[in-house]
Amino acid sequence: MKEITIALIGNPNVGKTSFFNALTGSHQYVANWPGVTVEKKTGSFKWNDYNVKVVDLPGIYTLNARSIDERIARDFLINERPDLVFNIVDGTNLKRNLYLTIQVIETGVKTVLILNQMDEVKNLDIKIDTRELSKRLGIPVIETIATKGVDIDSIMKSALSDSSRQIRYEIYPKELEDLFSSISRDIQNHDELKKFPPRWLAISLIEGDDFAKSIVRDHFAVPQEKDASLKIAKARYDFIDSVVKQVEQRPKEIWTITDALDHVFTHKILGIPIFISIMWMIFEFTFSISAPFSDLLSKGFDDLGSYAHLIPGWAGSLVGDGLISGVGSVLTFVPLIFFLFFSMGILEDSGYMSRAAFLIDRLMHRFRLSGRAFIPLLLGFGCNASAIMTTRTLEGEKERLISILINPFTTCSARLPIYAVISAAFFGAFGGFAIFSIYMISIVVALSMAIIFNFLLKNKETTPLIIEMPRYKTPTAKGLAIYTWSRGKHFLKKAGGIILGATVVVWLLSNLPFNAPIQDSLAAQIGKTIAPIFKPLGFDWHVTLALIFGGIAKEVTVTTLGTFANGNLEEFLGTILNPVSAYALMLFALLYIPCVATQATMKMETGSYKWPVFSVIWSLSLAYAVAFLFEKIAYLVI
Amino acid sequence: MLYDKILLRIDLNKGMVCIITLNKCPENTRCIIVESDLPDAFRSRLMGLGWLPGREIKVLRKAPFGDPTIYLVDSTEISLREDDSKFIKVEPVYPAPLSVVSEGKYVVLRFEGGRVFIQKMKSLEIKIGQEITVLPHEEGCKINVIADGKNILIGYGMANKIFVEKK
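Those protein sequence lines, which keep their order, are chains U and V. Reminder that position 521 of the first sequence reads as 511 in my numbering, one-by-one numbering, no gaps. Reminder that position 154 of the second sequence reads as 1277 in my numbering, one-by-one numbering, no gaps.
Since the hints were derived computationally from the structure, they do not count as laboratory data. The model shown is predicted, which means the values in this text are computed figures rather than measured ones. In this text, a Cβ means the ideal position worked out from N, Cα and C, and glycines have one as well. Treat the hints loosely; a few may be bogus.
Some, not all, of what chain U presents toward chain V, calculated at C-beta under 8 Å [stated by the list, open to error]: (1) Tyr51; (2) Asn54; (3) Thr256; (4) Gly261; (5) Ile262; (6) Phe348; (7) Ile456.
Construct all of the structure, not just a fragment, from the sequences and the given hints.
In structure tokens:
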């Protein structure tokens, strides 16, 4: 068995992750918008007597890296020296993609060009002479349609065939070439620098790349060339132009479906109303379609609970009141969450998300956020912890910190069960509207916090924004299934793990000391000790305790109340809350402390305990103040 | 005032050429990148996308409220904010909108507007193929042109939709 490592590199949104899935047989989520892969993912497969490790790197446009995701890709290429690089190229966008290809070839690693999205190339009536392309670049070129699977055997064969024709093609003018070779000689005189590819290092130094400069430090002086980076880029494009002219035939500009759709979706007057209606439709669709499933599950758990009570003694109570009633109260909302992800999947895979970012960028700008910061915010509606990871695409340190701090205010889907249960109990037909209002408040709070944090942290920089507009695509059933499952499965995992555990603890607390009525249980004692703090908000000790446990994972708020409720949660809620305090509880649940997983991610991404602690204190006081003011005002009005 | 934002340059081969910043280009304009004063990091990323001096940009669409704008270079559509695009100097390619040309003689080539706009043009008696003379004007103001010996003031927004070619 031989071990080899293959790195996948390419521009954002060219299908690297699809290709990765096709190679390794895994099910990583792929989106039709740039910047989904922000860390490297690894997988492996066996081929003949090779054990192949595949590393999927974040999408980048150039190797001159600035933001964290770009640095991850570049560092892997330079420091880890993979045995083979698969440069994934969007066949419909050859000209732009080849820029990175040239830079990758310059690093001296063995490169194979994977010409992907060949189905789209055919659709657009573009003709590419693959053999000529391979000859001009001096590397193997393989055509693929990664979304439909790949022929691993033929790819590996041509990738490993040692017919690496070392053609020297002239890209740069002579004065630059002379400069490169003189620096290359200097580099080879230093032993510490020998592990770096000399040509790459020489070119990067002339380009003024900071990373290259930091490698060389003061080993020798680098001759300065005015406008050298521009000259180098120009030379590369001139070369690319000549190659593309030779290998590609493209029909004259035609009015494509994407153009037609964009005419409507990004329309000056209709664009924003369409955006709002789409968002509203998603809500309506998600709630109405999932309702029957949830009802069915809820009824099922009720019946199951009553059977469990047939088991005599404390075991029956643990299973019936604790596990089934508690965990069941969360599992009831699994259809809701899956349908929500399903609709978001349609938006993302179709390519509409980038258009949405384009439409509302003006608004984001007013709140001193760059359009790039919009992406983590949007993902926050799924899960804050994973959304915070995607802030890595932001360049400014302060802007990144602000994005991390405001993210928990976007209401993640784990909070949805809390809203759903309260709305069902108190707001009846207006339930959907109550939840929608919470989502709107969530957006307003997150954006207002952005202004406040910008002020507190004295942030002046905003990252310049480039949003790439991908072509529209019809979402595939397979893609949607992967998306919905990969996003939704951690709910099921959580329900079986942390939520189950927390429920058992809550049951124990509320049943100890043994045979005592619930009012005298340990849980009641703890709750009653802390309850006075929440008294002004109209929350009794049940709610207080539920909120405390909800800090572990937000769903636990519901399971805890479910354990207290003995089966009928809606009726129970009616006895401890009224509509005003119920809405206050929804507001409180929206704003108070990020869950443990989110706190851990904050620590990881900011590298210090300071920020999660700050976030907990800040959001707790905010939640308290908002809920308190809401109730005071509401009671005055009613 | 005029020379603050619209720089005029004498190019011996092409005659008078007008250099403006990219954010000033209305929809449907084509222009050539002249230079950019963007911070290094951003400039190199744009370079990776093909945004280099000498390359052609097409202004595709402006968002509601006029910012950001989608541009097309090669076959990639990207969206840029006015805050960033104002650092990129470009030279419009004819046919260019009337709002970006400097004074001189031009021919009206096409209208990029809806029915109401075309009606308006009719009432102003501006026709396709007509020869017009643009008089000196300040940037962002109404544009004074002479057509068929008549003096007409054309609003800035309207001038964005009238595409002309150098006579």
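Against the structure, the hints:
1. A cut of 8 Å between beta carbons decides the hint on U:Tyr51: the least distance to chain V is about 3 Å, and the hint holds.
2. Interface restraint check for U:Asn54: the shortest CB-CB distance to chain V comes to about 5 Å, inside 8 Å, so the restraint holds.
3. Here the hint on U:Thr256 is kept, as its CB sits about 6 Å from the closest CB of chain V, short of 8 Å.
4. Evaluation of the U:Gly261 hint against chain V yields a held restraint, the C-beta minimum of about 5 Å falling below 8 Å.
5. This hint holds: U:Ile262 has a C-beta 5 Å from the nearest C-beta of chain V, less than the 8 Å allowed.
6. For U:Phe348, the shortest C-beta to C-beta distance to chain V is roughly 5 Å, which falls under 8 Å, so the interface hint holds.
7. Contact between U:Ile456 and chain V, as hinted, is supported at the beta carbon level, the nearest pair being about 5 Å apart and thus within 8 Å.
Violated hints are absent here; each numbered hint is respected by the structure.
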